[in-house]
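Peer 1: In case you want the letters, here they are:
Protein chains: 2
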Amino acid sequence: MEINIDFQKQKSKKYKVYIDELENLRISGKVAIITNPKVCGLHLQRLLEKVSADELYVITIPDGEVYKNSETLDLIYENLFNHKFNRNSTLIAFGGGVIGDMTGFVASTYQRGVNFIQIPTTLLSQVDASVGGKTGINNKFGKNLIGAFYQPQAVYIETSFLDTLSPREFSAGVSEIVKMAVTFDEDFFIWLENANLNKKEDLRVAIQKSVETKAFVVSEDEKEKGVRAVLNYGHTFAHVIENLTKYSHFLHGEAVSIGICMANDLSVVLGFLTQDESERIKEQLKRYDLPVKYKIDDVELFYQHFFLDKKTDQDKIKFILPQGLGNHIIKNNIDKDIVLSILKEYSN
Amino acid sequence: MEINIDFQKQKSKKYKVYIDELENLRISGKVAIITNPKVCGLHLQRLLEKVSADELYVITIPDGEVYKNSETLDLIYENLFNHKFNRNSTLIAFGGGVIGDMTGFVASTYQRGVNFIQIPTTLLSQVDASVGGKTGINNKFGKNLIGAFYQPQAVYIETSFLDTLSPREFSAGVSEIVKMAVTFDEDFFIWLENANLNKKEDLRVAIQKSVETKAFVVSEDEKEKGVRAVLNYGHTFAHVIENLTKYSHFLHGEAVSIGICMANDLSVVLGFLTQDESERIKEQLKRYDLPVKYKIDDVELFYQHFFLDKKTDQDKIKFILPQGLGNHIIKNNIDKDIVLSILKEYSN
Chain A
0 MEINIDFQKQ KSKKYKVYID ELENLRISGK VAIITNPKVC GLHLQRLLEK
50 VSADELYVIT IPDGEVYKNS ETLDLIYENL FNHKFNRNST LIAFGGGVIG
100 DMTGFVASTY QRGVNFIQIP TTLLSQVDAS VGGKTGINNK FGKNLIGAFY
150 QPQAVYIETS FLDTLSPREF SAGVSEIVKM AVTFDEDFFI WLENANLNKK
200 EDLRVAIQKS VETKAFVVSE DEKEKGVRAV LNYGHTFAHV IENLTKYSHF
250 LHGEAVSIGI CMANDLSVVL GFLTQDESER IKEQLKRYDL PVKYKIDDVE
300 LFYQHFFLDK KTDQDKIKFI LPQGLGNHII KNNIDKDIVL SILKEYSN
Chain B
0 MEINIDFQKQ KSKKYKVYID ELENLRISGK VAIITNPKVC GLHLQRLLEK
50 VSADELYVIT IPDGEVYKNS ETLDLIYENL FNHKFNRNST LIAFGGGVIG
100 DMTGFVASTY QRGVNFIQIP TTLLSQVDAS VGGKTGINNK FGKNLIGAFY
150 QPQAVYIETS FLDTLSPREF SAGVSEIVKM AVTFDEDFFI WLENANLNKK
200 EDLRVAIQKS VETKAFVVSE DEKEKGVRAV LNYGHTFAHV IENLTKYSHF
250 LHGEAVSIGI CMANDLSVVL GFLTQDESER IKEQLKRYDL PVKYKIDDVE
300 LFYQHFFLDK KTDQDKIKFI LPQGLGNHII KNNIDKDIVL SILKEYSN
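So the sequences go chain by chain: A and B.
Just so we're aligned, residue 0 is where the first sequence starts under numbering that gives the first Met the number 0, counting upward by one.
Just so we're aligned, residue 0 is where the second sequence starts under numbering that gives the first Met the number 0, counting upward by one.
In short, the hints are calculated from the structure, not lab data.
Please note that the accuracy of each hint is not assured.
One copy or two, it doesn't matter: identical chains are merged, so the pair holds either way.
Listed next, the in silico DSSO-like pairs over lysine-lysine satisfying Cα-Cα at most 30 Å (straight line) [stated by the list, open to error]:
hint, residue 1, residue 2
1, K199, K8
2, K224, K294
3, K208, K315
4, K10, K285
5, K222, K10
6, K292, K10
7, K208, K8
8, K315, K12
9, K245, K12
10, K198, K315
11, K285, K317
12, K222, K37
13, K83, K335
14, K335, K199
15, K294, K49
16, K15, K292
17, K13, K285
18, K15, K222
19, K37, K317
20, K317, K198
21, K8, K224
22, K13, K222
23, K285, K139
24, K281, K83
25, K208, K15
26, K8, K317
27, K281, K139
28, K330, K15
29, K198, K83
30, K343, K222
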C-alpha cells in the first residue's frame, strides 16, 4: 500500500531583491531588527526613517564571525520568546553576512518559521550572501555546519549604507563580484575591466549584475545539488586559507581573492583557461588592493584541509574552475599531484 | 530596480508513505538509525532484516518527551560530525513522535539538510506524526517551539511494530484516528463505528485512511497557513491539560481525547454539532478506554493557559470545531463567557 504526498499545489516561492528602493516599508505585527552595535550606531536612525512597524524591537548581537554560534542563537530566541513573537512576526537582518546567516536561521526555526527580511549593509552581503537563502551557524567542527535553506520574503539593498564601509571591507565584496562575472558572464567581466567600482553609478550596476547572476543560479538550484556549487569558485581554497589562519588574518573576501587565483592556476594547468585570461582576472583583483598571494608552509597539510570542507563528498574534492571567461567547469577527479604542483608555486 | 527570484523551476517535493511494504531497503552512503533503547531492544533486529547500508550507525537517545531538547540535539549532531556524515548521508527516525520530531529537525539543519526517512513504531506516529514534516524540540518556553517544516524522503509504516505496544499507547493513537475521521471524513467515521481496531485488518484500514487524510491536508497546506490547523482539533484543550498536569499524567493522545470532548461540547453549544453526534464521537473514544473527563480546578487559569499556545495569535484563541460529522469550522472569535461555560462543566 502506497500513499502519495505531493506539494505541487503549493504556490511557488518567490521574492524580490530591491536595489535602492527602500521607502516607507510598513510591517504589521511584531518586528525585530537584528543587528550589531556598529551597524546600529551608524545606520539604525536612517533605517527607521524608512521602516516602521506596529511593535518594534531591536536586538543587538555581538559583532563578528566568532559569535556566529549557538550561544548567540539562544540569545536571539530568548528575546523573541520573552517578547512573545509569534508565527506572524517578522525578523529583519540588518548587517553583514554574519547577521544575515544567524537571523535567517532563527527565522527558519523559531516556531517552525517566521517572516524574514534581509537588509544587508556590506558590499559582500549585498552582492552575494543576502540572496539565496543560505543560513547557519558555526560550531567546533567548522563553519556553517548547522543551518537551513530558508528564503527571505524580500531583500532590500541600499547602496547608501556602503558609504561608511572601510576600503578593506569594500574590496572584500569586490571578490564576489569578480567571481560572478568570471564564472557566468563574460560581458559583465569585460564591463568590469572598463568600469570603476569606486564610482557610485558603476558600483550600482555591478551590484545589480551580481544579484541577477546569483538570482539566476539559485532559482535554478536552490539546494546546491548542481550549478549553485559554481558559486564556490575560489572558496575551496579560501576555506583552507581561512582555517589555517584561524579566520583572523584575512577577511572572507580577501581569502576568496587568493582562492580565485589558485583555482585559475589550476585551470590554466588543465587547459581550461589561458594564462592571459588568468592574468586579466588577477588584474581586476589587484586593482582593488585584494591579496593574490599566500605563503603555503606545508603543501601536504594544505591539501589535507580540503577534506574538512562539508562540500567534500567522501574522498573527492570538488574544484570549481573557470572555463575561459564567463563559463565554468566542476571537477572532482583532479590528480593529487597536479593540485600539489599548484600549491607548491605558493610555497616559495 | 527590482530583481525577481522564483523557484518554480524546482521540481515539486513529493514522497510516498508505504504501509507494510518495507523490504530490502538498500541505502547508499552513511546511514544513522536514530532510536531509543526500548525500541532498539524490541525491534532493531527486525528492522535490520529489511534495511541495509554501506555504512551504518545506530544512535540511541534517551526515551521520553523530557529529552526532546537542545542537549539531545547536540548529542546527535556530535555523533554525526564525529562520524563525518555529509550531505549525501541519511538519517532514519526509528521510534515514536519524539524520535521523529528530533531526527527530522537534525536532518533539516545538519549541513543545511540531509536525507530523512521515517519508520514510526507507535500508532500515534504511524497515523499522524510521521507524515507531514513537522519537526522540532521543546524548550523552557514550551513544546515544539524551535523546529522546521522538513519533509522526509519516505515514510515506512510497519504495522508489525505495533505488536509490542501497550494498550494505553495503542489507545493514544486511536484519538488521532478519530480526529481525522470526525473533521474530514464522515464515511470513515461511520466505518470506525462498525470496525474493531483491535483486529489487524481493521487497524490497517484505519491507518491507511488516516494517512490518506493527513496526506491530503498537508499537501494542500504544508506550512499550516490554513486547513492544516484543523488537525489541531482537540489539541487546543489538550495542550492546556498537558501543561497543567506537567506532561506526566496523560499520554498526548489521552489529553487529545479529552480535548476532543471539550471541543465537541463547545461545538454543540454554538450549534455546529448535535448532542447525538457528540455522543457518538465520545462513544468511539470510550470504546478504546480513552479518558473523556478531566477535573478543572480553576476555569480562569485554564482559560489563561490558551494564550501560551504558539498557535494563539495575539489575543485570539483559535478553536477547531467539528461541523457535523466529517466537516470542520475554525473559530477565533468565540466569546470568553461561552468558553468558560463549557470549562465550568468540567469543574464539578
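Peer 1: Checking an output row: K198 and K83, CA cutoff 30 Å. Within, between, both or neither?
Peer 2: neither (45 Å within a copy, 46 Å between copies)
Peer 1: Between K83 and K335, at a C-alpha cutoff of 30 Å, which is it: within one copy, between copies, both, or neither?
Peer 2: For K83 and K335, the Cα distance is within 30 Å only across copies (21 Å; inside one copy 54 Å).
Peer 1: Evaluate K335 and K199 at a C-alpha cut-off of 30 Å and name the case that applies: within, between, both or neither.
Peer 2: For K335 and K199, the Cα distance exceeds 30 Å both inside one copy (44 Å) and across copies (59 Å).
Peer 1: Can you tell me if K199 and K8 fall within 30 Å by alpha carbon in one copy, between copies, both or neither?
Peer 2: For K199 and K8, the Cα distance exceeds 30 Å both inside one copy (44 Å) and across copies (35 Å).
Peer 1: Reference check for the pair K37 and K317, CA-CA at most 30 Å: within, between, both, or neither?
Peer 2: Cα proximity of K37 and K317: none, with 37 Å in one copy and 42 Å across.
Peer 1: 30 Å Cα cut-off: does K285 pair with K139 within a copy, between copies, both or neither?
Peer 2: neither (34 Å within a copy, 52 Å between copies)
Peer 1: One pair to classify: K222 and K37, alpha carbons no more than 30 Å apart. Within, between, both, or neither?
Peer 2: Answer is neither; intra-copy 32 Å and inter-copy 36 Å both fail.
Peer 1: Pop the pair K343 and K222 into one bin, within, between, both or neither, using alpha-carbon distances up to 30 Å.
Peer 2: neither (34 Å within a copy, 52 Å between copies)
Peer 1: With identical chains treated as interchangeable, where does the CA-CA distance between K13 and K285 reach 30 Å or less: within a copy, between copies, both, or neither?
Peer 2: neither (37 Å within a copy, 48 Å between copies)
Peer 1: Is the C-alpha distance from K208 to K8 at most 30 Å within one copy, between copies, in both cases, or in neither?
Peer 2: Classified as between: cross-chain Cα gap 21 Å, same-chain 33 Å, threshold 30 Å.
Peer 1: When Cα atoms must be at most 30 Å apart, do K8 and K224 count as within-copy, between-copy, both, or neither?
Peer 2: Both: 23 Å inside a chain and 14 Å across chains, each within 30 Å.
Peer 1: At most 30 Å between CA atoms: does that hold for K208 and K315 within a copy, between copies, both, or neither?
Peer 2: Neither. Shortest intra-copy (32 Å) and inter-copy (46 Å) distances fail the 30 Å Cα cut-off.
Going through the hint list in order, the structure does not satisfy hints 1, 2, 3, 4, 6, 9, 10, 12, 14, 15, 16, 17, 19, 20, 23, 24, 27, 28, 29 and 30.
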